[in-house]
Structures are given as C-alpha cells and as structure tokens.
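Following full-length UniProt numbering, the numbering of the sequence shown begins with 1 at its first residue and continues without gaps.
The reader is advised that the hints may include incorrect statements.
[Said to hold, decoys possible] Label-pair distances were calculated between CB atoms; the ranges are:
hint : residue 1 : residue 2 : range
1    : Val300    : Glu34     : 27 to 33 Å
2    : Ala103    : Glu342    : 36 to 42 Å
3    : Arg222    : Ala103    : 30 to 36 Å
4    : Arg248    : Arg201    : 49 to 55 Å
5    : Thr405    : Ala219    : 39 to 45 Å
6    : Ala216    : Ala328    : 37 to 43 Å
7    : Ala430    : Asp286    : 17 to 23 Å
8    : Val300    : Arg343    : 26 to 32 Å
9    : Glu342    : Ala119    : 44 to 50 Å
10   : Ala407    : Gly41     : 29 to 35 Å
11   : Asp198    : Ala430    : 43 to 49 Å
If you're looking for bench data, these hints aren't it; they were derived computationally from the structure. Quick reminder that beta carbons are idealized off the backbone N, C-alpha and C, glycines included.
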Amino acid sequence: MDAAEGRLVARLGRRALSAVPAAARPPRAGAEGEPWKRWTGALVLAWLGLWVAQFAPLQVLLPGLTARVDTGGGWLDVVRDFGVVAGAGGLVAALALPLVGRALDRTPPGAGHRGWYVAAVAACAGGLVLLGARTTLLGAAAAWSLTLLGLCAAGTVLTVAVTRRVPPGRRGTVSTGVGAANAVGIVLGTALAASTGDDARTGGLLLAGAVLACCAPYALTRPPPPLPPAPSVAASTGPPEPGPAARRASRHLLAGFGVRGLLVLGNALGTTLLLFFFTYRLGLADAEDFLVRVVLVYVVASVLTAAVCGPLSDRLRARRRFLVASTALQAVAALALAAVPERGTVLGAALVLGVGWGTFTAVDQAVVAAVAAATQRPAAAVALLGIAASLAQNLGPLAAAVVVTVAGGFTPLYVLAAVVVGAAGLLAAALPAERSTARQARAPQAVAGRHMEDGATPPPSPRTVARWRKPKDS
1 MDAAEGRLVA RLGRRALSAV PAAARPPRAG AEGEPWKRWT GALVLAWLGL
51 WVAQFAPLQV LLPGLTARVD TGGGWLDVVR DFGVVAGAGG LVAALALPLV
101 GRALDRTPPG AGHRGWYVAA VAACAGGLVL LGARTTLLGA AAAWSLTLLG
151 LCAAGTVLTV AVTRRVPPGR RGTVSTGVGA ANAVGIVLGT ALAASTGDDA
201 RTGGLLLAGA VLACCAPYAL TRPPPPLPPA PSVAASTGPP EPGPAARRAS
251 RHLLAGFGVR GLLVLGNALG TTLLLFFFTY RLGLADAEDF LVRVVLVYVV
301 ASVLTAAVCG PLSDRLRARR RFLVASTALQ AVAALALAAV PERGTVLGAA
351 LVLGVGWGTF TAVDQAVVAA VAAATQRPAA AVALLGIAAS LAQNLGPLAA
401 AVVVTVAGGF TPLYVLAAVV VGAAGLLAAA LPAERSTARQ ARAPQAVAGR
451 HMEDGATPPP SPRTVARWRK PKDS
C-alpha cells in the first residue's frame, strides 16, 4: 500500500469515527473515566438512600405503629392493618407514576431531570418525618403514600438516566452497584429504625436524614452526555406506529412488567412478614435481634452474588438465564420455610434467598434499561416497570396478610411465594434474547487507535481500498 492509499484509509477511519457520537463510545481510562466513576458512585449512593426509605418502614416503623394502634386486637388484626397501610401507599404510587413518566419524557435528555429528582427526594424525606410522628392508621397511610410517591419518582429519574446515558455493555456493572445498594440499604435502614426502639419520631428523623445525605451528591454531580437514540426510535418523530418493531417492543415491555412484578411480589410475600413469623409462629423472645441476624446473612449473600453476576452478565449477554436462576433459588428458599419452620432453616433460607435476590438485582437495571430503550417513550416505560415493582412491594404485605388471616398460619404463604416466583421464571422466556438484540452494543472495535460502537460503518481494509482503485477491465 503506497502513501496515498495510507492517507485515504486514515481519512476514512477518521470520518467513520467522527460519525459516532462521543456518548456512544465507552469512556477511556484516565481523566475521561473519572466523571463516569463519580456519576456512577453518586447514582449507587442515591439508590442506597431510596432503599433505606423503602425497607426500613416496612420492616420496623409500620409493624410497630400497627402494633401500638391495635392494642385490643389479636396478632391477625395487626398483620391485616399493616397490609392495608402498606397497600394504600402502593396504590397511590401506581396512580401517580404514569404522570411522572410522561413528564420526564417531555423533558429533553440533555436538560436532565435534576428538578424532578430534588422534588421527589424532598417528598420522600418529608413523608418519613411525618410517618414517624403519626399515631393513627389513616395518618400513617397518608404519610407512607407521600414517602412512596417521592421514592418511586426519584427511582424513575435514576433508571431513566441509566437508560439514556449508560451504554448497554456497562449496564450490568451499574446494576451490580444498585443491587449492592439494595442489600446494604435493608441493613442500614433496619438498623437505624430499630436503634430508636419505640421512639418512632426519632426513627423517622434518622431515616429522613439518611435519605437526604445519600441522595444529595447525585443532584450535585454532572451527568455524562446522553446516548444517541436507537435507530428505530430516532427514525420516528411521530406517535408509535403499529409495526412489527413497535409490537415487539410492547410485548417485551409487558413481559418485563410481569417478570419484575412477580419476582418482587414473591420476594415481598416471603420477607415482609418475617418479624410476625418469628414472633407468632416460632415464638422467639428475641425476634427483632434475630431479624437483624437474618437480614445480615441475606445481605452478605446478596452483595457477593451481585458483585459476581453483574459483570458476568455484561460479558455473557444472557440476562434471561440469570433471571431464571434467581426465581429457582427464591422458590427453593420459600418452600424450605414452608416445610421446616425452624430457626436453623430460616438462616439457611436467608442465605439461598440472598443469592437469588442478588442474582436478580445484578441484572434488573440492565433488563429495565434494555426494554425501555427499545420504546419511543423510555421514561413512560420505566415508570410502568416501576409501577410493577412498587405495586408488588407494597401490595405484597396486604396479600400476605390476607393469606395468613384466612389460612390462620404462614405455611400457605410461603408456598404461594414459591409459586409466584416460579411463574416469573416461566414468563422470563418472553423477554428479548440479549444475544440477538444486543448486536448494536457488542464489544467496541478499535478504529485508528480509538474505540467506536457497532452501528457505525468501520473503515475499509487496505485490500478493499486497493480493489476500489484497481481499474476495471475494458
């Protein structure tokens, strides 16, 4: 190849690279990678604060409140009222989240959603303060609804940011951090709420302070540039047309709604009444202390599993398999509690359940981002998937309370939890196959010493250039 041909190849390579938006290229090590690290760290820390607000009230504040209010009733009345209060919050969030998603879709990607995020975090923290001060079931339901509305809205903003700003090849790693934050948030929130004993007002203040401290850095961190839209989305500027791509995206969205909702519901059925299970079924005098130990086992297993499965899912691009494995493990743990309700069984089930939940959280954000990014209204899709998780997490206690009240025991509850997560595993087959849908996000190719994402045309090889320049036979 002569000098002219070399210059031609170099020029074509530079043009091909310049056609790729900077956001589509993975950040390189060094100075360019530092903003990504800071933003990802702030994102994970924000999720930690939201998980504190999600699980601590469900595990400690709301059960304690209903127990203090229902002083003249039996334990079944306490379980029933707890389920009603938690379910009321879930219904409010489900009704409001579609409006949040529509508003986020109308905000340009480059403008960010900092205002929405700050308002949502403020509502969540304010609801926690009010929840700690309530002494009636109606007041608790209103305060929990405000908390959950702010929590779900802030979570929607964070998930939309992952969808719009994180390349597909990095979403499993980000999902690992979010999964670890989920596990740590359970321990931190439960410990903060339980450390105040019966002083619910102080517990609410501590939780609100933790939420603000964890969520503030994200609002102050500059986000990375948005990714270019997917070709099918960028080509359309009007309302969605009922073509094959749109119908396929709708099927995947509905499948994602079902899988996420059933998985979270099964987990909620198996975990939200643990304190009642330890107190009234196992008859433990140290039920709250034992709950902390069980949560620690669950968290350690979940964090370690997520740390392995998230990056592994980025390499294998077979996230459906991780979802199926997660449902199988959680079903086994629930059936163990139903069959052998003993102290040792609980610790073993917590270990298995933690591995299963860590497997799910390691790929959850990546699955949500992949499903939402294929739609023309990604924020609305994220809000819909957020409704699935929120409804399941907060209607789970109500459903569990109904099952325990009707059956008069906990065995049917854990059998039902196993059936629900098993159904999620079957439905996971309807999700998009990662290997076939991720071709546009395969490992980047090196071009002229730099990187570019698939989807851009690579420069021609020297042999191709030589063939172009070869005169045709007359």
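Okay, the hints, checked on the actual structure:
no. : hint                        : result
1   : Val300 - Glu34: 27 to 33 Å  : 30 Å, holds
2   : Ala103 - Glu342: 36 to 42 Å : 50 Å, violated
3   : Arg222 - Ala103: 30 to 36 Å : 22 Å, violated
4   : Arg248 - Arg201: 49 to 55 Å : 51 Å, holds
5   : Thr405 - Ala219: 39 to 45 Å : 43 Å, holds
6   : Ala216 - Ala328: 37 to 43 Å : 39 Å, holds
7   : Ala430 - Asp286: 17 to 23 Å : 45 Å, violated
8   : Val300 - Arg343: 26 to 32 Å : 18 Å, violated
9   : Glu342 - Ala119: 44 to 50 Å : 47 Å, holds
10  : Ala407 - Gly41: 29 to 35 Å  : 45 Å, violated
11  : Asp198 - Ala430: 43 to 49 Å : 47 Å, holds
The structure shown violates the earlier hints numbered 2, 3, 7, 8 and 10.
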